[in-house]
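Enquirer: Listed below, chain by chain, are the residues.
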Amino acid sequence: MRTITYRDALREAIAEEMRRNDRVYIMGEDIAGYGGTYAVTKGLFEEFGEKRVKDTPLAEEIIIGTAIGSAIGGLRPIAELMTMNFSLLASDLIINSAAKFRYMFGGQPSIPMVIRMPGGGGAQRGAQHSQMLESMFAHIPGLKLVMPATPYDAKGMLKSAIRDEDPILFVEHELLYSVKGEVPDEGEEYTVPLNRGIVRREGKDVTLVTFSRMMHICLQAAEELAKEGIEAEVIDLRSIRPIDLDLVLESLRKTNRVVVAEEGWKYYGTGQGIAALIYEHGFDWLDAPIGHVTGKDVPMPYSKSLEQLALPARNDVIAAVKAIVPQPAGAR
Amino acid sequence: MAKALHTHPQAREGDDNSIGSLVDAHGLLTPEAERDAAVSDDQLRELYRMMVICRRLDQEGLNLQRQGELGLWGPYVGHEAAQVGAALAMESTDWIFPYYRDFAMAVCRGIDPGNILTIFRGLTHGAWNPYEYRFAPFIIPVGTQVPHAVGFAVGCKFDHEQTAVLVGFGEGATSTGDWHEAMNFAGVFQAPVVFLCENNQWAISVPVEEQIAGRIVDRAAGYGFPGVRVDGTDVLTVYAVVRAAAQHARQGHGPVLVESVAYRLQAHTTSDDPTRYRTDADLDPWKGSDKDPIERCAERLRQRNAYDDTFAVAVAQEAEERASAMRQTLVAARPPHPESVFDLVFANPPASLMRERDEFTSSLEQGGAE
Ligand SMILES: Cc1ncc(C[n+]2csc(CCOP(=O)(O)OP(=O)(O)O)c2C)c(N)n1
Ligand SMILES: [Mg+2]
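So the protein sequences, as listed, match chains Y and X.
Numbering-wise (my numbering), the first sequence opens with residue 1 and increments by one.
Numbering-wise (my numbering), the second sequence opens with residue 1 and increments by one.
For the record, the hints were derived by calculation from the structure and aren't laboratory data.
Note that the coordinates shown come from a computational prediction; the quantities given were computed from them, not determined experimentally.
One or more of the hints may lead you astray.
Among chain Y residues calculated to face chain X with C-beta under 8 angstroms, some are [stated by the list, open to error]:
| no. | residue |
| --- | --- |
| 1 | Y34 |
| 2 | L58 |
| 3 | E61 |
| 4 | V298 |
| 5 | P301 |
| 6 | K304 |
Straight-line distance between alpha carbons at most 25 angstroms, and here's what the computed DMTMM-like set of lysine to aspartate or glutamate pairs gives [stated by the list, open to error]:
| no. | chain 1 | residue 1 | chain 2 | residue 2 |
| --- | --- | --- | --- | --- |
| 7 | Y | K54 | X | D282 |
| 8 | Y | K54 | X | D112 |
| 9 | Y | K304 | X | D112 |
| 10 | Y | K304 | Y | D284 |
| 11 | Y | K304 | X | E339 |
| 12 | Y | K304 | X | E69 |
| 13 | Y | K266 | X | D159 |
| 14 | Y | K266 | X | E69 |
| 15 | Y | K51 | X | E209 |
| 16 | Y | K266 | X | E356 |
The C-beta atom is built at its ideal place from N, Cα and C for all residues, glycine as well.
Full structure from sequences and hints, please.
Expert: This is the structure we're talking about:
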């Protein structure tokens with residue numbers, strides 16, 4: 001094992017898969033010589049050349065359209081969108097084409113396409129550049145959507161995504177790119193499945209269900225809570241769709257309490273979907289209402305101070321846990 | 001039957017290009033067009049003055065960013081003639097829909113530059129009332145302001161207003177679907193729009209040759225209206241051509257595309273490192289005084305005997321003063337109040353949002369926020 005950044009882990013996954021299969025190519029804005037806005041594709045152009053590492057004109061709709069078309073034709077495109085916010089320009093192609101072609105056209109064709117894009121806030125990018133829009137896409141049958149939180153998962157899940165036969169939305173987070181973590185040595189082959197969550201921390205008092213950058217915040221909250229005698233189990237979903245509900249329910253049967261924590265908005269989003277599934281399938285195991293930590297119900301403010309207030313923080317998680325977990329004896 | 005209802009003239013030929021004939025093969029105003037435009041010495045001096053001020057403000061913006069006072073700065077040096085020429089060519093009753101680099105247009109519209117900078121300091125999303133200045137907000141999702149401008153212009157036509165709408169964008173934006181759809185709509189509805197492409201030959205790291213096959217100006221013909229390619233370093237040309245285009249639009253003759261060709265002399269923004277994709281030598285052809293909008297304007301003024309040291313010194317002095325005033329306004333700006341995070345989401349906020357706000361306020365009172 002070595003310690004590398006999330007960014008480097010992604011790059012390794014792309015490079016390894018491109019070496020493994022010459023049908024894989026990557027395209028996007030400023031990804032070739034420039035190496036990508038977040039430097040994920042740095043060096044790929046030098047290794048694979050312009051045929052397989054393509055700079056495109058500034059047009060998200062046709063980037064995704066081209067990915068779909070070339071995937072239908074048997075290539076395995078990775079499309080990089082500079083940010084998830086710009087996926088909105090291509091949303092018709094993602095939702096009305098990529099997600100539906102297999103279903104509508106008799107099981108043909110396959111669209112083995114990966115759309116990579118960072119979402120999320122915290123870097124003071126303003127309302128139009130800081131959104132977590134995963135719930136919008138995760139709502140759609142025919143799409144898979146994953147949001148790895150660690151370098152290990154970033155690499156392993158991207159490799160799986162590139163090998164998958166269906167369209168995958170691979171949502172990164174701007175503030176995770178420089179986060180470091182353990183990843184197997186180069187040459188040591190591994191993949192991570194696209195349908196499994198993972199328990200990041202064991203606990204018996206409450207289950208924190210979370211994903212992406214919020215997972216790290218939940219881990220910090222769990223450490224704080226432990227000092228007060230509350231042991232939180234932290235589940236990193238990793239994949240939003242499909243969701244590993246069994247893992248969540250298993251944990252619920254142990255803790256009987258759940259807080260769902262996400263960076264995005266409250267209403268009609270991922271967290272509410274998860275909570276509804278838990279109520280539907282695990283109601284009898286619940287000893288308290290499900291807590292829900294989210295960003296504030298406003299477009300992301302630009303001002304640094306307001307942005308920090310709008311994003312969910314460790315203390316919000318702690319407060320949500322304390323609201324449903326009885327204070328341990330002896331604690332003040 | 002339905003066909004008979006269509007009173008529109010059939011699709012106009014794109015080659016009705018009287019505006020195009022204002023410029024020669026180099027994109028410069030022809031002597032006849034210059035005579036007809038009759039731009040006075042005072043008007044030309046005003047163009048010069050605003051370019052000098054705006055360049056100084058750009059430099060100050062860069063300085064402020066380097067000193068940590070701004071989160072980001074998008075330099076527009078090289079764009080002065082395009083932005084000042086176009087903005088001053090519009091009537092105060094016209095509207096402008098800018099893109100993020102059109103700072104100088106905002107200054108020409110009379111918006112306080114220190115206030116504009118609060119955006120780049122990350123204090124606010126919007127620093128002026130668009131209706132007060134007839135100047136829409138800076139738009140960052142590339143190309144999306146172009147449909148807005150066309151829609152606004154369609155509305156003006158609906159109300160029989162003699163208003164023209166100027167929309168600014170880079171050459172990269174012309175790749176977007178939004179841009180093409182807006183161009184087509186404008187042509188079909190004869191919307192009073194002047195499309196101003198500030199072709200600075202780079203979209204971050206992508207050079208114009210990799211962005212567009214063919215010429216941007218030629219796109220206009222495909223959408224049935226005139227296009228004209230101008231030397232974007234000559235403010236007189238930009239001014240005269242945009243003024244004629246706006247007049248054309250106001251008179252109900254439909255849209256015009258103006259492609260202003262210049263060069264992005266600085267980084268895309270302060271977050272960019274252009275040495276990763278271009279060399280100093282690439283810039284050389286654009287560094288001479290023959291390509292400098294301010295020098296060229298000074299030269300035109302000299303030819304008219306309308307330029308002397310007293311004038312130049314006074315303008316430079318004013319530019320200094322405006323730069324320091326801008327800095328002062330910026331550093332005096334205060335961060336917004338925490339509760340304002342809930343403001344402006346709706347005209348009539350729903351109860352759920354008010355509840356969230358009240359809970360937040362009481363958590364602040366209890367010192368709950370981190
Ligand atoms: C829809 C969209 N895609 C990508 C971006 C990221 N981006 C910001 S500016 C830019 C380049 C724009 O170039 P151009 O239109 O030529 O304008 P310039 O910056 O050169 O003035 C890109 C790709 C964005 N803001 N919006
Ligand atoms: Mg450009």
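Enquirer: Tell me, in ascending order, the numbers of any earlier hints that this structure violates.
Expert: 8, 10, 13, 14
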